[in-house]
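Enquirer: Listed below, chain by chain, are the residues.
2 protein chains.
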Amino acid sequence: MLRTHTCGELNMQFTGQFVTLCGWIQRIREMGGMTFIDLRDRYGITQLVFNLQVQPDLFAKVKELGREFVISAKGRVAERSSKNTKIPTGDIEILVDSLEILNASKIPPFTIEDNTDGGEELRMKYRYLDLRRTVVRTNIELRHRMAILTRNYMNEQGFIEIETPVLIKSTPEGARDFVVPSRMNPGQFYALPQSPQTFKQLLMVAGFDRYFQVVKCFRDEDLRADRQPEFSQIDCEMSFVTQEDILNTFEGLAKYLFAQVKGIDTGDFPRIGYDEAMREYGSDKPDIRFGMKLVELNATVKNRGFKVFDDAELVAGINATGCCEYSRKQIDELTDWVKRPQVGASGLVYIRYGTDGTLKSSVDKFYSADDLKAIAAQFSAAPGDLILILAGKMEKTQNALGTLRLEMGKRLGLIDPKVFKPLWVVNFPLLEWDEDSKRFYAKHHPFTSPVPQDIPLLDTDPGSVRANAYDLVINGVEIGGGSIRIHNRDLQKKMFQVLGFTDELAQEQFGFLMNAFEYGAPPHGGIAFGFDRWCTIFGGGESIRDFMAFPKNNSGRDVMIDTPSSISEEQLKELNIKLTS
Amino acid sequence: MLRTHTCGELNMQFTGQFVTLCGWIQRIREMGGMTFIDLRDRYGITQLVFNLQVQPDLFAKVKELGREFVISAKGRVAERSSKNTKIPTGDIEILVDSLEILNASKIPPFTIEDNTDGGEELRMKYRYLDLRRTVVRTNIELRHRMAILTRNYMNEQGFIEIETPVLIKSTPEGARDFVVPSRMNPGQFYALPQSPQTFKQLLMVAGFDRYFQVVKCFRDEDLRADRQPEFSQIDCEMSFVTQEDILNTFEGLAKYLFAQVKGIDTGDFPRIGYDEAMREYGSDKPDIRFGMKLVELNATVKNRGFKVFDDAELVAGINATGCCEYSRKQIDELTDWVKRPQVGASGLVYIRYGTDGTLKSSVDKFYSADDLKAIAAQFSAAPGDLILILAGKMEKTQNALGTLRLEMGKRLGLIDPKVFKPLWVVNFPLLEWDEDSKRFYAKHHPFTSPVPQDIPLLDTDPGSVRANAYDLVINGVEIGGGSIRIHNRDLQKKMFQVLGFTDELAQEQFGFLMNAFEYGAPPHGGIAFGFDRWCTIFGGGESIRDFMAFPKNNSGRDVMIDTPSSISEEQLKELNIKLTS
Numbered sequence: 001m002l003r004t005h006t007c008g009e010l011n012m013q014f015t016g017q018f019v020t021l022c023g024w025i026q027r028i029r030e031m032g033g034m035t036f037i038d039l040r041d042r043y044g045i046t047q048l049v050f051n052l053q054v055q056p057d058l059f060a061k062v063k064e065l066g067r068e069f070v071i072s073a074k075g076r077v078a079e080r081s082s083k084n085t086k087i088p089t090g091d092i093e094i095l096v097d098s099l100e101i102l103n104a105s106k107i108p109p110f111t112i113e114d115n116t117d118g119g120e121e122l123r124m125k126y127r128y129l130d131l132r133r134t135v136v137r138t139n140i141e142l143r144h145r146m147a148i149l150t151r152n153y154m155n156e157q158g159f160i161e162i163e164t165p166v167l168i169k170s171t172p173e174g175a176r177d178f179v180v181p182s183r184m185n186p187g188q189f190y191a192l193p194q195s196p197q198t199f200k201q202l203l204m205v206a207g208f209d210r211y212f213q214v215v216k217c218f219r220d221e222d223l224r225a226d227r228q229p230e231f232s233q234i235d236c237e238m239s240f241v242t243q244e245d246i247l248n249t250f251e252g253l254a255k256y257l258f259a260q261v262k263g264i265d266t267g268d269f270p271r272i273g274y275d276e277a278m279r280e281y282g283s284d285k286p287d288i289r290f291g292m293k294l295v296e297l298n299a300t301v302k303n304r305g306f307k308v309f310d311d312a313e314l315v316a317g318i319n320a321t322g323c324c325e326y327s328r329k330q331i332d333e334l335t336d337w338v339k340r341p342q343v344g345a346s347g348l349v350y351i352r353y354g355t356d357g358t359l360k361s362s363v364d365k366f367y368s369a370d371d372l373k374a375i376a377a378q379f380s381a382a383p384g385d386l387i388l389i390l391a392g393k394m395e396k397t398q399n400a401l402g403t404l405r406l407e408m409g410k411r412l413g414l415i416d417p418k419v420f421k422p423l424w425v426v427n428f429p430l431l432e433w434d435e436d437s438k439r440f441y442a443k444h445h446p447f448t449s450p451v452p453q454d455i456p457l458l459d460t461d462p463g464s465v466r467a468n469a470y471d472l473v474i475n476g477v478e479i480g481g482g483s484i485r486i487h488n489r490d491l492q493k494k495m496f497q498v499l500g501f502t503d504e505l506a507q508e509q510f511g512f513l514m515n516a517f518e519y520g521a522p523p524h525g526g527i528a529f530g531f532d533r534w535c536t537i538f539g540g541g542e543s544i545r546d547f548m549a550f551p552k553n554n555s556g557r558d559v560m561i562d563t564p565s566s567i568s569e570e571q572l573k574e575l576n577i578k579l580t581s
Numbered sequence: 001m002l003r004t005h006t007c008g009e010l011n012m013q014f015t016g017q018f019v020t021l022c023g024w025i026q027r028i029r030e031m032g033g034m035t036f037i038d039l040r041d042r043y044g045i046t047q048l049v050f051n052l053q054v055q056p057d058l059f060a061k062v063k064e065l066g067r068e069f070v071i072s073a074k075g076r077v078a079e080r081s082s083k084n085t086k087i088p089t090g091d092i093e094i095l096v097d098s099l100e101i102l103n104a105s106k107i108p109p110f111t112i113e114d115n116t117d118g119g120e121e122l123r124m125k126y127r128y129l130d131l132r133r134t135v136v137r138t139n140i141e142l143r144h145r146m147a148i149l150t151r152n153y154m155n156e157q158g159f160i161e162i163e164t165p166v167l168i169k170s171t172p173e174g175a176r177d178f179v180v181p182s183r184m185n186p187g188q189f190y191a192l193p194q195s196p197q198t199f200k201q202l203l204m205v206a207g208f209d210r211y212f213q214v215v216k217c218f219r220d221e222d223l224r225a226d227r228q229p230e231f232s233q234i235d236c237e238m239s240f241v242t243q244e245d246i247l248n249t250f251e252g253l254a255k256y257l258f259a260q261v262k263g264i265d266t267g268d269f270p271r272i273g274y275d276e277a278m279r280e281y282g283s284d285k286p287d288i289r290f291g292m293k294l295v296e297l298n299a300t301v302k303n304r305g306f307k308v309f310d311d312a313e314l315v316a317g318i319n320a321t322g323c324c325e326y327s328r329k330q331i332d333e334l335t336d337w338v339k340r341p342q343v344g345a346s347g348l349v350y351i352r353y354g355t356d357g358t359l360k361s362s363v364d365k366f367y368s369a370d371d372l373k374a375i376a377a378q379f380s381a382a383p384g385d386l387i388l389i390l391a392g393k394m395e396k397t398q399n400a401l402g403t404l405r406l407e408m409g410k411r412l413g414l415i416d417p418k419v420f421k422p423l424w425v426v427n428f429p430l431l432e433w434d435e436d437s438k439r440f441y442a443k444h445h446p447f448t449s450p451v452p453q454d455i456p457l458l459d460t461d462p463g464s465v466r467a468n469a470y471d472l473v474i475n476g477v478e479i480g481g482g483s484i485r486i487h488n489r490d491l492q493k494k495m496f497q498v499l500g501f502t503d504e505l506a507q508e509q510f511g512f513l514m515n516a517f518e519y520g521a522p523p524h525g526g527i528a529f530g531f532d533r534w535c536t537i538f539g540g541g542e543s544i545r546d547f548m549a550f551p552k553n554n555s556g557r558d559v560m561i562d563t564p565s566s567i568s569e570e571q572l573k574e575l576n577i578k579l580t581s
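Chains as they are written, first to last, in my numbering: chain A, 1 to 581; chain B, 1 to 581.
One should not assume that every hint holds.
Since the list gives no way to pick out one identical chain from another, each pair is judged satisfied if it fits inside one copy or across any two copies.
[To be verified] List of simulated lysine-lysine pairs, PhoX-like, C-alpha gap at most 25 angstroms: (1) Lys329 to Lys74; (2) Lys106 to Lys493; (3) Lys396 to Lys285; (4) Lys493 to Lys125; (5) Lys396 to Lys307.
Since the hints were made in silico from the structure, they are not lab data.
Remember, predicted model here, so these are calculated numbers, not experimental data.
Throw the hints in and build the complete structure from the sequences for me.
Expert: Here it is, written out as structure tokens:
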């Protein structure tokens, strides 16, 4: 080794020892005839001292040094006269005897500090420098720790990690596939997996009753802050289980990670039904760190002559506690906010509960003081509160109100970033109707089993069929989701029919799975966790990008290596394709 | 859980308990009024007993059952009258009270037995059934165990697993890339990584001084038995190290895996130079489980009028101990064997050392009895031995003799499959001359550093430059290889020049790495192990395919899911490509 110790481990116990450290120069300070250098590596920072009067021979070399130079320094550990209590090595310094420059550095394009002066694009281009910053490095270290804890926990529970292929088959269901032209099979393509879903089900048919994999998945989608073309899943599947077994098993994993990584005992996770989540939180991934639940007002407010409410499928609201002093301007701003397309409400009705006990609303024309009092009572509102009401189509209004609830929670400081509230959402609908294509889509995926007693409804009222499906939600973020799968060929065939697949198409795309179901498929189910998201939530980050070593930007580009990029005519020719643009 | 126990855990301690087992029917036997069923799961086999006279109500259901049906059976654990000592559950059986058919099965296309009647193609098509066979299942279990042991060992040593991207940049050096058209960047492509080489070097520049990853890699090559389009590597890199540090660190990993997986203490691994390996074993991945070393005869046999030897760059042989009784026919067959293009020798000279002490050769005309005696002495040959000699160009003859050595070792039963002999091969040449393209190629890859004292030779005699590179070889199989890398921009630039890159091309392809070297790149080096191969060697298999859950065939096809396959016109259009064939 070129070093005897790291820059993070020396303290008073080492004084008097001769050591060799290697690292990057964080900072150089000159004071009189002394030069102080903060030397940094992955483990910490140690102060080097050069006394240029005692060692004039080092003078020339020290003068050459600059920020981010890589050096090796040999010397004696000594107690510092002025200690730095902020770092573990702050009691000591190294009195350097000899110095070697292992590599020079140009001046980096941004400062290697927690609060850097580099913008995102510049930092992405020089990601190898960005990764030197402690805040970024610790994200990557957290990710490693979460992965190894997960693997060991799963292994302890008897799960086997099995690598499924990356070069698989393109299927039209779900998001867009990335494809890979096959040179050896002209005109044909592999696809990169959106998830190992069918393979893990085949592994259940193969008898590997407890499978998991931390695995890369791929989706060719237009990107947002929390989407990347490649991302990682903790992918899991079990045989001979009920939904209850799966929830218990993976609640175990989540509790273990909470305890090990965050030092938190979360207690048992609450479970709430999809309908209840939508009704009370206006979201299928509710943030239950705060209350402000939605209250339905249909029975109270309808048939009083206010057409907006009378025509609405749902009238509901939330209580913004303590907001009665909101100015006209603030309420107008809030009204504009809910009318933005991202929220999609058509207007906002409010009721002010004055500190003097009076109630005033924007719809006083239709509702008496007693009416307003009755409404306020439904919210358990008190003087000083402000009730915000939306109306319209059921799901749209629930969603809008859920979004408004989160916004008000943020504005009122009700959301504590240090608190973690995991929960299970269960009893999802099996299918979603798509108005554009006039067909049902699988809410989870086409292999999700219906709740057994709802199977007859597949023929009569598919939209009302509930699924044996569940999501793990933490602080309003969906961390994972899964389901008990269909393991019966006929039911799977039926499901494809409901989704509008012809028998031929179903056979062409998923024939291998349906065939497998004819050779003794066990009852099975599973779950997949968004590993990047889970790391992001535990690390307290904003974007999954911050928890990936080499993420891509919103155009799917890696600006550091400058890819995607053109390939040679020869490569295209070998692959039997040509460009159309 | 649908079961209380697995089919592998019940024994005499459980007698009298009521249990529920789930699994697949391995075998059904009827004897009088009794039906015996072997129920199988991942953990073992347990015998179920149905007494149809006592439980006539089960009769109809039992009659329906067939091989590979999935059932759930509930009953009491009882001692068997005739025990089966071959399996851990052989002392007991389950007296079944109730039976549920969880799924039926068609008759499988081949038997689910260690010695199956299914050919490879059929088994690949029904891989989910093939994986039910114990021999295949244990391979996959071994792979999981090797992966988790590796990860924990590396973690203990302070290495961080970091996921590098799968969608990267196509580079012309090395094997052919798989590419992925980018929809969002028309006309541009990602490539799938042949290895994370440049990324792990960037991670060193980023300061993550100990990186590893168990990672999928991709090569679009024509396939052989031990090649797959996607395969897995244990990829590792360290900073501030010398070659010695890397060999010690990863010899530690290898010893740990040998101890944990095989229960073997290998002792320290010998290290031999590339030149020595070629000279003594005719191979840069010598199988040192047996001797039969190559002996050079140039000094002894040249200038005696035998033109074949006189013209040869190398005359060398091996001693096939105890083979002096080989018949003319056997020697002719061996001569034909070495002349096959895979071996490439032009002929075979032999010297028989008769049991009576007489020496006879196929070149008696040129060499006297004393000459032959002198040659035999060089081989330490004894009466009864047979010396086999090849001659020709240096490297070609070494390789041919190395191949002949392995063949004779096999034929003479000198190679014990239960013995493991790991070693390091070091001091590889940096470059290889390619006669076709009249240029040098990097023997390892273009980032390998030359031995420092050989750097000046890059200008004068590139072919003689030695590399700071090393391979780990076990039983004649290269399990891993690596090098100390170049961390200096100028030397890297020089290396690309020697490889015939223009500055522009080097900048276009590897500019990001060379730029990174300007910002404080530490000295670093690493290694990558072929994880599939390592599993195969530890599992005693022939092909890496047997240690992958879902391998592809020699045309790169997955015959189970039937891919690669055609994609829709719409997909092609979105990707801005069209087919040319």
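Enquirer: Each of the hints needs a verdict: does it hold here or not?
Expert: Hints versus structure:
1. Lys329 to Lys74: Answer is neither: 66 angstroms inside a copy and 71 angstroms across each miss the 25 angstroms cutoff.
2. Lys106 to Lys493: between (63 angstroms within a copy, 17 angstroms between copies)
3. Lys396 to Lys285: within (15 angstroms within a copy, 67 angstroms between copies)
4. Lys493 to Lys125: Between copies only: 21 angstroms across, 49 angstroms inside.
5. Lys396 to Lys307: within (18 angstroms within a copy, 93 angstroms between copies)
The structure fails to meet hint 1 from the earlier list, while all remaining hints are met.
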